Every structure is written in structure tokens, then in C-alpha cells.
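Novice: Protein chains in written order, with numbering that gives the first Met the number 0: chain V, 0 to 253; chain A, 0 to 331.
Calculated from the structure, these hints are not laboratory results. On a predicted model such as this, the values are computed, not experimentally measured, just so you know. Don't be surprised by glycine CBs; every beta carbon is placed ideally from N, CA and C. Hints are supplied without guarantee of correctness; some may be wrong.
The following label-pair restraints were derived from C-beta to C-beta distances [unchecked claim]:
{"hint": "1", "chain 1": "V", "residue 1": "Thr165", "chain 2": "A", "residue 2": "Ser104", "range": "52 to 60 Å"}
{"hint": "2", "chain 1": "A", "residue 1": "Gln296", "chain 2": "V", "residue 2": "Thr220", "range": "34 to 42 Å"}
{"hint": "3", "chain 1": "V", "residue 1": "Thr163", "chain 2": "A", "residue 2": "Asp267", "range": "29 to 37 Å"}
Residues on chain A that point at chain V, a partial pick, calculated with CB under 8 Å [stated by the list, open to error]:
{"hint": "4", "residue": "Glu39"}
{"hint": "5", "residue": "Pro45"}
{"hint": "6", "residue": "Gln59"}
{"hint": "7", "residue": "Leu66"}
{"hint": "8", "residue": "Gly168"}
{"hint": "9", "residue": "Lys229"}
{"hint": "10", "residue": "Lys233"}
With a straight-line cut-off of 25 Å between C-alpha atoms, the simulated SDA-like cross-links for lysine to any residue are [said to hold, decoys possible]:
{"hint": "11", "chain 1": "A", "residue 1": "Lys259", "chain 2": "V", "residue 2": "Thr189"}
{"hint": "12", "chain 1": "A", "residue 1": "Lys305", "chain 2": "A", "residue 2": "Glu285"}
{"hint": "13", "chain 1": "A", "residue 1": "Lys62", "chain 2": "V", "residue 2": "Arg215"}
{"hint": "14", "chain 1": "V", "residue 1": "Lys84", "chain 2": "A", "residue 2": "Ser129"}
{"hint": "15", "chain 1": "V", "residue 1": "Lys84", "chain 2": "A", "residue 2": "Gly278"}
{"hint": "16", "chain 1": "A", "residue 1": "Lys229", "chain 2": "V", "residue 2": "Gln204"}
{"hint": "17", "chain 1": "A", "residue 1": "Lys62", "chain 2": "V", "residue 2": "Gln246"}
{"hint": "18", "chain 1": "A", "residue 1": "Lys114", "chain 2": "V", "residue 2": "Ala149"}
{"hint": "19", "chain 1": "A", "residue 1": "Lys98", "chain 2": "A", "residue 2": "Glu69"}
{"hint": "20", "chain 1": "V", "residue 1": "Lys84", "chain 2": "A", "residue 2": "Thr177"}
{"hint": "21", "chain 1": "A", "residue 1": "Lys186", "chain 2": "V", "residue 2": "Thr189"}
{"hint": "22", "chain 1": "A", "residue 1": "Lys259", "chain 2": "V", "residue 2": "Gln246"}
{"hint": "23", "chain 1": "A", "residue 1": "Lys259", "chain 2": "V", "residue 2": "Gln204"}
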Amino acid sequence: MPNFIKILPKIKKTKLITLIINVIVFTLFIPVPVKADTLLSPSYTIQMSSINIGAGTATSSSYALNTTIGQTIQGLFGTTGYLVKAGFQYVHPLIPFSFKISNLNISFGTLVPGSPSSLSNTLTVTTGSAHGYLVNTIEDHSLRLVNGTATIPNTSCDLALTCTITDATPWTDPTRYGFGYNIQGTDVNTSDFVNSTYFRPFPVQNVDQPVTIMQRNGVATNSAATVTYKINISGSQAAGTYQNSIQYIATPSF
Amino acid sequence: MNIIKPYIKSNYSSISLLAVIFTIVIFHLSTSLAFAQDFELAVYPPLLRVNIKPGKSITQVFKIDNLSTETQTLVARLVPFTGADQFGNPILDPTYQPKWLEYFSLANSDIQLGKPFEIAAGQSQQLVLSLSVPSAAPMKDLYATLLISTYANTIDTSLQGSSLTASIGSNLLITVSTQLSPATILKITDFSPQPGSYIQIGDTYILDNITPVTFFANAVNDGDFTAESKGLFKIQSFSGNPVQLQSVLPQYIIAGSQRKLINGDSEDFNFTPSIGLIGGFQAQIEIHSDNVNTSSQINLIFLPLKALFGLAVGLSLLLIIINLSFKPLENQ
């Protein structure tokens with residue numbers, strides 16, 4: 000009997016531990032009813048019965064299934080009235096389309112007439128599951144005096160062979176003034192930007208169409224190109240701070 | 000000594016004053032280096048294809064990842080497009096503002112199209128795009144790109160140079176129709192071997208039977224709805240026995256556009272003939288998608304052109320050698 004009394008607390012302890020484990024297991028695995036109804040979050044409210052959201056790669060020892068984002072049951076166009084396909088089923092894996100710019104502020108600081116200044120940054124694109132991409136660029140206007148009208152004109156490169164927004168030519172003459180860019184790297188038109196001395200002026204919004212500076216017709220992973228911005232002013236350039244805004248637009252192919 | 004001390008003191012004061020003035024001047028005149036703000040954004044999915052009946056609605060989540068090292072203030076907007084290049088890159092037209100843009104909105108309670116919102120560094124945001132097509136909407140395709148752009152309403156006045164803005168897009172191809180796959184008109188054009196690799200007589204291309212050859216083709220959508228380039232490229236004998244089969248990469252060809260066809264490996268249709276391949280064959284591209292069936296074929300004749308040329312050169316050399324060898328004998 001005394002021995003039994005000694006054992007009892009041990010049994011109770013074991014039971015207690017078992018009970019706790021059971022409670023945890025049942026709490027974790029008990030089915031929770033899910034209702035397809037109005038979805039609420041601090042950031043959005045959806046009052047629709049179907050929301051299309053991504054899946055991923057399902058694997059087991061006997062199969063691997065790649066899925067794209069899409070409605071749960073396809074082929075119900077007749078009853079639901081829509082069919083949604085998101086992403087590209089034939090491109091794996093399902094990685095997002097991404098675009099990176101290493102520096103958004105191209106600040107030349109003090110400019111010296113007749114002494115060209117250059118700055119660079121890097122554009123990087125990963126197509127992910129898209130099948131190709133392009134990067135276009137356009138500026139809002141030429142470099143313009145803050146609170147003024149004076150401008151630093153867009154470059155036309157060396158006089159011997161002038162450049163345009165779609166045709167790069169050498170710009171090495173320090174007596175040729177203006178603002179332009181060179182681009183070197185992956186997915187760049189190297190037959191136009193032959194080397195680092197070849198420049199183009201930026202296209203201007205409401206005057207020109209955006210110009211393509213990077214393009215690939217297929218999957219790209221970390222395709223990177225370095226843009227060099229060059230500025231050269233004349234001695235008669237009005238003093239002050241000159242600014243503009245340049246836009247880079249990266250779009251995937253469809 | 001007593002005379003010198005005040006002199007040194009006043010000299011110290013002057014030097015200190017000059018140093019302060021110099022520092023102030025340098026600070027004012029020196030280049031104000033702008034902080035190197037980076038930008039990295041990712042969007043998924045990069046493409047949304049929807050077939051929808053008038054009077055119906057759908058929603059689609061677009062996940063935006065801010066991969067840069069600081070909070071980004073962004074703006075989401077829909078920019079329509081009506082055309083694309085032959086590689087499926089949309090030609091955006093921000094000035095085009097069709098009425099159907101009103102069909103789209105964001106279901107997010109705190110984010111609207113055209114209004115700035117923030118994503119903290121390393122964080123993601125889901126944009127819940129809602130498309131509600133009115134019952135009286137015309138049957139047509141709607142093409143737009145969801146552009147997520149950096150937002151800046153002012154530029155730092157001390158910046159001497161350019162402030163960059165970045166945009167990243169995801170394409171939307173929407174077909175509004177009562178039918179799942181409304182018919183369209185697709186043509187295969189410019190189907191031919193690589194220029195310079197053949198001799199053309201009429202509609203027949205004569206090719207060398209040991210030289211690899213590349214075939215090019217475009218698909219032109221003259222209809223009103225998007226088509227898909229699902230199909231097959233094959234080279235077969237006139238009796239129908241295939242010697243080469245390649246899948247055509249399923250790509251979308253939007254209404255009124257042209258697209259270059261490529262194979263399932265995203266490459267041109269390359270074919271390496273064998274030495275025994277001699278005679279007449281056909282190269283054919285067939286497109287069988289949900290709303291269009293079309294095909295195009297060209298006649299090919301594979302001949303051992305290089306081998307014959309080599310043989311001819313060899314025989315010529317042999318004849319010359321024989322002639323040269325026999326002439327001295329005749330002279331003797």
C-alpha cells in the first residue's frame with residue numbers, strides 16, 4: 000500500500016503530461032471550418048466568392064506538381080462566367096518579375112565649364128516566370144534651372160557624327176556641351192552603344208516616345224547594365240542648380 | 000615677451016575666425032552629396048489572362064515585394080496599350096484613357112489606383128485588383144499594364160542633376176465575351192529558312208543536307224481577340240513521315256499584332272539534317288489553339304550540295320593533276 004501511494008503521484012504526473020500533449024495535438028490538428036464569404040483585413044475588404052491567388056510547387060515522394068496562380072476550378076466559364084490564368088505555365092519556377100536601380104539620385108555637384116562630369120548607376124532585371132522584358136526610359140525635360148528657365152541642352156554628341164535619342168555616337172570633344180547617357184552591360188544594344196564613348200540624349204516626355212535601353216526575348220536572371228550619365232557645360236551657362244527627372248520603366252513580355 | 004603674447008593671442012583669434020569662415024564657406028560651396036537611395040521591387044504575377052463575360056466580376060491579388068533597403072512610396076496605375084512588338088512587349092500609351100479603365104479598381108481599403116502608398120523595406124503588399132465588367136460592355140479585348148512606380152512629388156532642391164523614378168509592370172490581357180474562346184483570325188507569315196542558307200526556285204527551297212538550318216516564322220493576329228500560339232513545327236516527307244518535330248512555344252498574340260514564333264525551348268526552329276536526308280520534304284507549322292486553327296507549309300529539297308561541291312573540286316583537282324602528270328610524258 001505505501002508503495003502504491005508512492006507510485007500514485009508518478010502516475011498522475013504521467014497522465015498529466017499525456018493530457019497536455021493530447022490537448023496540444025488536438026488543438027493543432029482539429030479541423031477548423033472555413034467560410035468563403037466576405038474577407039476582411041486591415042488593408043482590404045473583398046466581398047466576392049472567389050479570389051485568385053498563387054500556389055507553388057507541391058511535391059511528394061511520388062510526384063511533383065507545379066501550379067500557377069488561378070481560379071480553383073477552371074473550365075467553369077459557362078457557369079462562373081470567367082476564366083483566369085495568371086503567370087506562365089510553361090516557365091518554371093514561379094519567381095516574381097523584379098527590377099533594381101542601384102541609385103535614384105544622380106547628383107553631379109559643382110560643374111566646371113568645359114570639364115565633363117560623369118556618374119553611373121546599375122539597372123538589374125530578373126524576369127522570373129515572365130518570358131522576356133524590356134526597360135524603357137524617358138526624361139520629363141532637359142536639365143533645367145531650379146526656379147528658372149535656363150537649361151542644359153541634351154547632347155548631340157560630337158559634331159562629326161551627331162547622336163539622336165535612338166542612335167548613339169561618340170561624345171569625346173570637350174567643347175561639345177550637353178547632357179546624355181551611355182549604357183553597357185547585359186541585354187544592351189551593343190551595336191549602338193559600341194563602347195563607353197558612345198552617348199545618346201534622353202527622349203523628352205510629350206515630345207518623344209520612351210526609348211528601349213535593355214531588352215531580352217527570354218528568361219533573364221540578374222541581367223545588369225551600367226548607365227553612365229555625362230554632363231558638360233559651357234562657360235556661358237547660367238549659374239545655379241539644374242534638375243530633371245528620368246523615368247525607367249521595366250515591363251515583362253506577355 | 001609681454002609684447003609678443005597679445006600679438007600671438009590676436010593671431011590665434013584671427014586664425015580661429017578664418018577657420019570658422021573657411022568651414023562655413025566650404026560647407027556652403029561644396030557639393031552636397033545626395034544619399035544613394037536604392038530601389039528594388041518585385042511583382043507577381045507578371046501576367047494576368049482573363050476571359051470574362053459581361054456582367055461578371057473577378058479579383059486578382061498582385062504581390063509587390065519591396066526588396067530595397069528603405070521604405071518606398073509607390074503609386075499603382077493602369078496604363079492601357081493597343082499594340083505590342085513581335086516579342087510580346089507592350090507599347091504603352093499613357094495618354095490613351097479609354098472608358099473601360101473604369102472597370103478596374105483596387106479592393107484594398109487603404110490603397111487606391113493613382114494614390115501613393117508605402118511599403119516598408121523588406122516588406123510586401125498585396126494589391127487586390129478588381130475587374131467588374133458591366134452587362135452592356137462591348138465584346139472586345141482590353142489590354143493594360145499595372146504599373147507600380149516610385150512616387151516623388153518634390154525633388155531635393157540641392158540636387159544638381161537627375162532624380163530617377165522607377166516603374167515595374169504586370170500585363171493584363173482581358174477578353175470580354177460571352178464565349179470562352181471567341182474566334183479570331185491568325186495567319187502564319189514569313190515562314191522560310193534563314194536567308195543565305197538556301198537556293199530558292201519558285202516556292203521551293205533547296206538546302207544542303209549536312210548544314211544546320213534555322214527556320215523563321217511570324218504569326219499575325221488580324222482578328223479582334225487574343226490568340227495563343229500552341230502548335231507544332233515539323234519537317235516531314237511528302238508521304239507524311241516526320242523527320243523533325245518541335246513544339247511551338249505557347250505565346251499570346253494580341254489582336255492586331257504580330258509575334259515571332261519560337262520553339263518550346265524558347266529558341267528558333269533549328270534543324271540539323273543527316274547525311275542520308277536527300278530529296279523532297281515539307282516544313283510545316285500548325286497552330287491549334289482554343290479559338291484558331293491555322294497552318295503554313297513550305298517545300299524543301301535537301302541535296303548534298305556541299306558534298307557535290309567538294310566532289311567537283313576534288314575531281315577538278317584530280318583532272319588538273321592528271322593533266323599535269325601526263326603532259327610531260329606526251330612531250331617526252
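Novice: Give a verdict on every hint.
Specialist: We went through each hint and held it up to the structure:
1. At roughly 37 Å, the beta-carbon separation of V:Thr165 and A:Ser104 lies outside the given 52 to 60 Å, and the hint is violated.
2. Our hint of 34 to 42 Å for A:Gln296 and V:Thr220 holds, since their Cβ atoms are close to 37 Å apart.
3. Distance hint check for V:Thr163 and A:Asp267: the Cβ-Cβ separation is about 31 Å, which falls inside the suggested range of 29 to 37 Å.
4. About 4 Å separates the beta-carbon of A:Glu39 from the nearest beta-carbon of chain V, less than 8 Å, and the hint is met.
5. Taking 8 Å as the C-beta contact cut-off toward chain V, the hint placing A:Pro45 at the interface holds, the least distance being around 4 Å.
6. Checking A:Gln59 against chain V by beta carbon gives a least distance of about 5 Å; that is within 8 Å, so the hint holds.
7. Taking 8 Å as the C-beta cut-off, the interface hint given for A:Leu66 holds, the closest approach to chain V being about 7 Å.
8. The interface hint given for A:Gly168 is met, as the beta carbon of that residue sits about 4 Å from the closest beta carbon of chain V, less than 8 Å.
9. Among the interface hints, the one on A:Lys229 is violated; its C-beta lies about 10 Å from the nearest C-beta in chain V, farther than the 8 Å criterion.
10. For the restraint placing A:Lys233 at the interface with chain V, the shortest Cβ-Cβ distance is roughly 19 Å, beyond the 8 Å limit, so the hint is violated.
11. Restraint check: the Cα-Cα separation between A:Lys259 and V:Thr189 comes to about 22 Å, which is no more than 25 Å; the hinted pair holds.
12. Between A:Lys305 and A:Glu285, the direct Cα distance comes to roughly 31 Å. Violation of the 25 Å bound is thereby established for this hinted pair.
13. Between the alpha carbons of A:Lys62 and V:Arg215 the distance comes to roughly 24 Å, so the proposed pair stays at or under 25 Å and holds.
14. Using a Cα cut-off of 25 Å, the hinted pair V:Lys84 and A:Ser129 holds, with the two alpha carbons roughly 15 Å apart.
15. Restraint check: the Cα-Cα separation between V:Lys84 and A:Gly278 comes to about 45 Å, which exceeds 25 Å; the hinted pair is violated.
16. Of the pairs offered as hints, the one joining A:Lys229 and V:Gln204 is violated, with about 39 Å between alpha carbons and a cut-off of 25 Å exceeded.
17. Among the hinted pairs, A:Lys62 with V:Gln246 is consistent with the structure: their alpha-carbon atoms are about 22 Å apart, no more than 25 Å.
18. In summary, the hint linking A:Lys114 to V:Ala149 is not supported, as the alpha carbons are separated by about 32 Å, beyond the 25 Å threshold.
19. Using a Cα cut-off of 25 Å, the hinted pair A:Lys98 and A:Glu69 is violated, with the two alpha carbons roughly 37 Å apart.
20. Among the hinted pairs, V:Lys84 with A:Thr177 is consistent with the structure: their alpha-carbon atoms are about 17 Å apart, no more than 25 Å.
21. Straight-line distance between C-alpha atoms of A:Lys186 and V:Thr189 comes to about 33 Å, which puts the hinted pair past the 25 Å bound.
22. For the proposed pair A:Lys259 and V:Gln246, the alpha carbon gap of about 29 Å is over 25 Å, so the pair is violated.
23. The suggested pairing of A:Lys259 with V:Gln204 is violated, with an alpha-carbon distance near 30 Å, which exceeds 25 Å.
Violated hints, in rising order: 1, 9, 10, 12, 15, 16, 18, 19, 21, 22 and 23; the structure is consistent with all others.
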